[in-house]
Amino acid sequence: MEPTGRTSQFLRAADIWQYLCAAVILVLFLPAYSSAHGFAGKRFFPTTFQVDDPFVSDEFSILFDHIKEPDDQPSRTTDFDLEYSKRITPHLGVFVGESYSHLDFLGNGSASGFGNLELGIKYQFLTSAEHETILSAGAGVEIGGTGARRVGAESFSVLSSALFFGKGFGDLPPSVKFLRPFAVTGVVGPNFSGRSSNVIVNEDTGETEIERNPDTLTWGFTIQYSLIYLQSFVKDIGLGAPFNRMVVLAEFPMETCLNRGCKGRTFGTINPGIIWVGKSYQLGIAAQIPVNDRTGKNVGVLGLIHFFIDDIFPDSIGKPILP
Amino acid sequence: MMTFQVLVIVFTCSLSGTSFAHVFPDHSDPRVGATVQDPPAWVRIWFDGALEPAFCTVVVRDENGKQVDKGNVQVDPDDATLIEVGLPPLPAGTYRVIWNVVARDGHRTEGDYTFDVK
Chain A
1 MEPTGRTSQF
11 LRAADIWQYL
21 CAAVILVLFL
31 PAYSSAHGFA
41 GKRFFPTTFQ
51 VDDPFVSDEF
61 SILFDHIKEP
71 DDQPSRTTDF
81 DLEYSKRITP
91 HLGVFVGESY
101 SHLDFLGNGS
111 ASGFGNLELG
121 IKYQFLTSAE
131 HETILSAGAG
141 VEIGGTGARR
151 VGAESFSVLS
161 SALFFGKGFG
171 DLPPSVKFLR
181 PFAVTGVVGP
191 NFSGRSSNVI
201 VNEDTGETEI
211 ERNPDTLTWG
221 FTIQYSLIYL
231 QSFVKDIGLG
241 APFNRMVVLA
251 EFPMETCLNR
261 GCKGRTFGTI
271 NPGIIWVGKS
281 YQLGIAAQIP
291 VNDRTGKNVG
301 VLGLIHFFID
311 DIFPDSIGKP
321 ILP
Chain B
1 MMTFQVLVIV
11 FTCSLSGTSF
21 AHVFPDHSDP
31 RVGATVQDPP
41 AWVRIWFDGA
51 LEPAFCTVVV
61 RDENGKQVDK
71 GNVQVDPDDA
81 TLIEVGLPPL
91 PAGTYRVIWN
101 VVARDGHRTE
111 GDYTFDVK
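Protein chains in written order, with the numbering used here: chain A, 1 to 323; chain B, 1 to 118.
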């Protein structure tokens, strides 16, 4: 019996749904052969502590940060920064970040709470295997008012944009082959405050104060020496585990004030450390040394646990949503 | 409808799949950057994870870029982390080993290194 027109339309709709479901399943779950996160040719760039990576990937990071800060009310600050990044396409990714802070005001009490929610997007527009180079551009927003003011979360939003780069030196001539494991990564970009100033009422005196919110320039770089690269591509010097999976590095994360009474002032730290790269996660530890008195006078510590989601779930949530 | 059912099975299997992650070379023979007295009969590279044989290559070239290996590259049937290629008797010189492998999860890694025959 021939189907009626209505039944025929229904069947066609069902077929369409089947094809759509099949297409989604094919896109999301069938294996694909692809380069892993952080690679430019044979160069692997690890995720670093405070200088953002030049690549997009499926990853989840937990950064521990403990340092004494010299604000008007000095505090010993402990932060846990969480960030989840997800690739939309192999070269376009988005991320969401959140932090939890505990401030010990050195005998004057303490405060704890979440920071503002951060959202961002990054596009990796150049990857050169031959020259071990990656270039990316990104933008982000820290959403004001989503965190706790008692731990310093601002009530206004901050918009950011940045350029990211990574360059390995594997293309150096054989005469300097032991320099080939070196690489640099970096970032530069402005941050625009959503409000130029805050009016603060002193609870004790009732007087009002104007707190200015400057725009800033984030800039920073890392210098890395990869023992993985040395062992695998330059010279097997007999390093065993865990040293054969390590990257020795120094980070230089900086922020320079651009206007509103603090133009030209730079804050930052130098973070010498080591990163160990496993098959599905990496671990890192670094010291945090202030570059000047306005940044601080005490050495802090950074710890990093980073999961390669694309390696842990290669056939499902670790893949780009679109091929 | 059968196609849809097959895809559901593929979906289910993919969720329960084992994670292998990308692979790095663990060690090789001849060793990376080594100088050997006797010409090796094989180049062997051991990785830290299982390889997908159909998508793995190893090529050995001399200083002029000419391919000198026998072209019989294979992933060892008894050890999926080992890939090897045979060599004819090599004269003294510098040789570059160029490898390109795919791990069982589909992640591709590549690299190269040199060794010298004295």
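It should be emphasised that the hints constitute simulated quantities derived from the structure, not laboratory data. Keep in mind that the hints are not guaranteed to be accurate.
[To be verified] Ranges between beta-carbon positions, derived for each pair:
{"no.": "1", "chain 1": "B", "residue 1": "D29", "chain 2": "A", "residue 2": "V184", "range": "27 to 37 Å"}
{"no.": "2", "chain 1": "B", "residue 1": "V36", "chain 2": "A", "residue 2": "P242", "range": "25 to 35 Å"}
{"no.": "3", "chain 1": "B", "residue 1": "T35", "chain 2": "A", "residue 2": "I317", "range": "42 to 52 Å"}
{"no.": "4", "chain 1": "B", "residue 1": "D62", "chain 2": "A", "residue 2": "L119", "range": "20 to 30 Å"}
{"no.": "5", "chain 1": "A", "residue 1": "A111", "chain 2": "B", "residue 2": "D29", "range": "54 to 64 Å"}
{"no.": "6", "chain 1": "A", "residue 1": "P272", "chain 2": "B", "residue 2": "W42", "range": "23 to 33 Å"}
{"no.": "7", "chain 1": "B", "residue 1": "D79", "chain 2": "A", "residue 2": "G113", "range": "48 to 58 Å"}
{"no.": "8", "chain 1": "B", "residue 1": "N64", "chain 2": "A", "residue 2": "F178", "range": "57 to 67 Å"}
{"no.": "9", "chain 1": "B", "residue 1": "D76", "chain 2": "A", "residue 2": "A137", "range": "42 to 52 Å"}
{"no.": "10", "chain 1": "B", "residue 1": "I98", "chain 2": "A", "residue 2": "G264", "range": "43 to 53 Å"}
{"no.": "11", "chain 1": "A", "residue 1": "A129", "chain 2": "B", "residue 2": "D79", "range": "20 to 30 Å"}
{"no.": "12", "chain 1": "A", "residue 1": "L239", "chain 2": "B", "residue 2": "Q37", "range": "17 to 27 Å"}
{"no.": "13", "chain 1": "B", "residue 1": "K70", "chain 2": "A", "residue 2": "P174", "range": "35 to 45 Å"}
[Claimed, not checked] Covered by chain A, per the in silico footprint, the following chain B stretches (three or more residues, Cβ under 8 Å):
{"no.": "14", "stretch": "69–76"}
{"no.": "15", "stretch": "106–112"}
Please read these numbers as outputs of a predicted model, since none were measured by experiment. The beta carbon of each residue, even a glycine, is placed where N, CA and C say it ideally should be.
Unsatisfied constraints (hint numbers, rising): 4, 6, 8, 13 and 14
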